[in-house]
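Participant: Chain residues, written in single-letter form:
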Amino acid sequence: MSDQAAVAKPVAIIDDVRTIVAKSLNIPVEQLTPQTRLDELGAESLDVIEIVFGLEEKFDITVPLKAEDATRLAAADKAGGQEMPFSTVGDVAEMVEKLVAAKTTKAAQ
Amino acid sequence: MNRVVVTGIGVVSPIGSTREKFWSGLVEARSGIGPIMGIPTDRLNIRIAAEVRDFDPAQHFDSKRVGLLDRFSQFAVVAARAAVQDAQLDITEEIALGAATIVGNGAGGMNTLDDSYFKLYAQNATRAHPLSIPRLMANAACSLISMDLGLKGPTFTIASACASGTHAIGQAFQMVRTGMAQVALAGGTEACITVGTIKGWEALRVMSADTCRPFSRTRSGLVLGEGAAIFVLEPRERAVARGAPIYGELKGFGMSADANDITAIDPGGAARAIRAALMDAKVNPEDVDYVNAHGTGTSLNDKGETIALRKAFGDSAENLAVSSSKGVLGHSLGAAGALEFAATALAVHHQIIPPTANFEEPDPDCDLDYVPNTARNAPIEIAMSSSFAFGGLNAVLVLGRA
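Sequence lines, in order, name chains A and B. If you count the first sequence from 1, position 25 lands on 39 in the numbering used here, and the numbers rise without skipping. If you count the second sequence from 1, position 325 lands on 592 in the numbering used here, and the numbers rise without skipping.
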């Protein structure tokens with residue numbers, strides 16, 4: 015049972031992430047794999063902010079992202095060099111997973 | 268073509284609501300940013316702003332009248348009265364008929380809107396206050412100035428987000444220059460420190476949680492402000508003839524649209540507005556001594572604005588003194604350009620460059636002279652005030668010594 019839950023949860027999260035990204039960027043959800051990079055999808059900084067807002071609403075989490083990170087993540091600015099909080103759909107799902115887990119731990123305490 | 272001068276300045280600001288207090292606060296880099304006192308903050312993540320704190324509506328409006336004025340209109344009317352008094356302008360019927368009133372504000376009566384919606388949606392009120400609409404309409408401030416002072420010429424509101432005040436002053440300048448108006452009351456006003464507005468700004472992820480540090484490597488975002496600045500603009504000939512005080516001569520106005528991103532600054536578009544203003548003023552880049560920058564304190568604006576200044580000024584950018592007033596005033600959106608034009612006019616008048624407050628360390632991406640933290644005595648023949656707004660709308664004014 016516990017094994018099953020551990021496997022099932024990330025799959026659900028990645029599906030929700032794919033749905034939210036697809037909706038924000040108006041592209042078919044089938045195009046998105048965990049390896050898809052957001053900048054290659056033509057996401058602009060406000061798209062990234064909107065995606066993060068969608069994730070926060072869906073999972074009731076707070077994502078610490080500043081507008082400048084969103085711009086660097088987007089296709090418009092490849093200044094590079096700095097560490098990104100996420101760059102692929104899979105990274106986003108992983109970040110959400112951690113934030114959801116942190117929330118659950120906090121609630122249990 | 269008339270030469271156009273600034274003969275009156277009225278301000279309502281987070282660092283005081285007289286011209287003297289405003290100027291001393293800017294010169295001393297005394298920040299008006301602090302914990303929000305005017306609204307409940309329990310639902311806010313960002314709990315600081317540059318609020319106007321010494322403003323008592325009852326001192327300025329009788330109890331019957333005050334109910335008609337949202338806070339953004341109160342600020343505007345009080346600043347306009349102060350400007351007329353400062354200019355020692357006697358508004359005769361002849362002047363009133365040819366007087367333009369042009370006010371910039373990014374929003375409108377946001378306090379009225381927020382209060383009204385709270386009552387309707389949260390408290391299930393069944394009716395709104397009958398003055399809700401006249402209080403919150405975007406043109407309420409300019410209409411109430413015209414009513415208060417009896418000004419009867421061309422009167423309208425300009426909305427271009429954070430460039431509204433600058434566009435309003437520029438439009439009024441052009442009308443006085445061409446003789447379309449005999450005199451103009453122009454400037455900007457904003458009062459939108461409400462729960463709804465701040466939640467909206469939080470969601471854009473550009474707000475600082477501690478303070479505003481324009482052009483500093485440690486900058487962490489913008490801080491909302493509020494206030495108003497209104498000016499009396501008139502032909503130099505008449506101002507001289509009547510012995511009016513003259514703060515400076517408006518020499519040029521430039522505008523552009525980026526036609527690019529809805530929020531991010533476009534250095535190319537900003538540089539085009541700067542160059543247009545210089546061309547209109549018939550001024551060479553090397554003749555400009557001081558630029559009061561837009562300088563919001565966000566990572567992207569300050570970097571982009573630095574690129575824009577380098578693009579527009581070329582080699583002479585090295586000799587420019589640039590400062591942002593937002594570390595002191597916060598970002599009052601539609602009023603910002605007007606309050607900063609007041610800072611620019613007073614800088615030219617006093618021959619003192621107000622500093623960039625809260626400057627901690629230089630940023631390799633922002634490599635101009637930002638006059639950090641300490642005011643500077645310097646000869647200022649030509650100064651510039653620039654605003655680069657959301658929506659990619661840019662407006663730049665050039666002011667010369669009287």
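Treat the hints as calculated values from the structure; they're not laboratory data. Warning: the hint list may mix true and false statements.
Below, computed lysine to aspartate or glutamate pairings styled on EDC-like, alpha-carbon distance capped at 16 Å [stated by the list, open to error]:
no., chain 1, residue 1, chain 2, residue 2
1, B, LYS466, B, ASP309
2, B, LYS466, A, GLU70
3, A, LYS80, B, GLU469
4, A, LYS80, A, GLU64
5, B, LYS466, A, GLU111
6, B, LYS466, B, ASP381
Participant: Work down the list of hints and note, for each, if the structure agrees.
Facilitator: Against the structure, the hints come out as follows:
1. Distance hint between LYS466 of chain B and ASP309 of chain B is fulfilled; the C-alpha atoms sit about 12 Å from each other, no more than 16 Å.
2. A hinted pair counts as satisfied when its Cα atoms are at most 16 Å apart, and LYS466 of chain B with GLU70 of chain A qualifies at roughly 14 Å.
3. Between the alpha carbons of LYS80 of chain A and GLU469 of chain B the distance comes to roughly 10 Å, so the proposed pair stays at or under 16 Å and holds.
4. Distance hint between LYS80 of chain A and GLU64 of chain A is fulfilled; the C-alpha atoms sit about 12 Å from each other, no more than 16 Å.
5. With a C-alpha separation of about 26 Å, the suggested pairing of LYS466 of chain B with GLU111 of chain A is violated against the 16 Å cut-off.
6. Between the alpha carbons of LYS466 of chain B and ASP381 of chain B the distance comes to roughly 12 Å, so the proposed pair stays at or under 16 Å and holds.
The structure does not agree with numbered hint 5 stated previously, though it agrees with all others.
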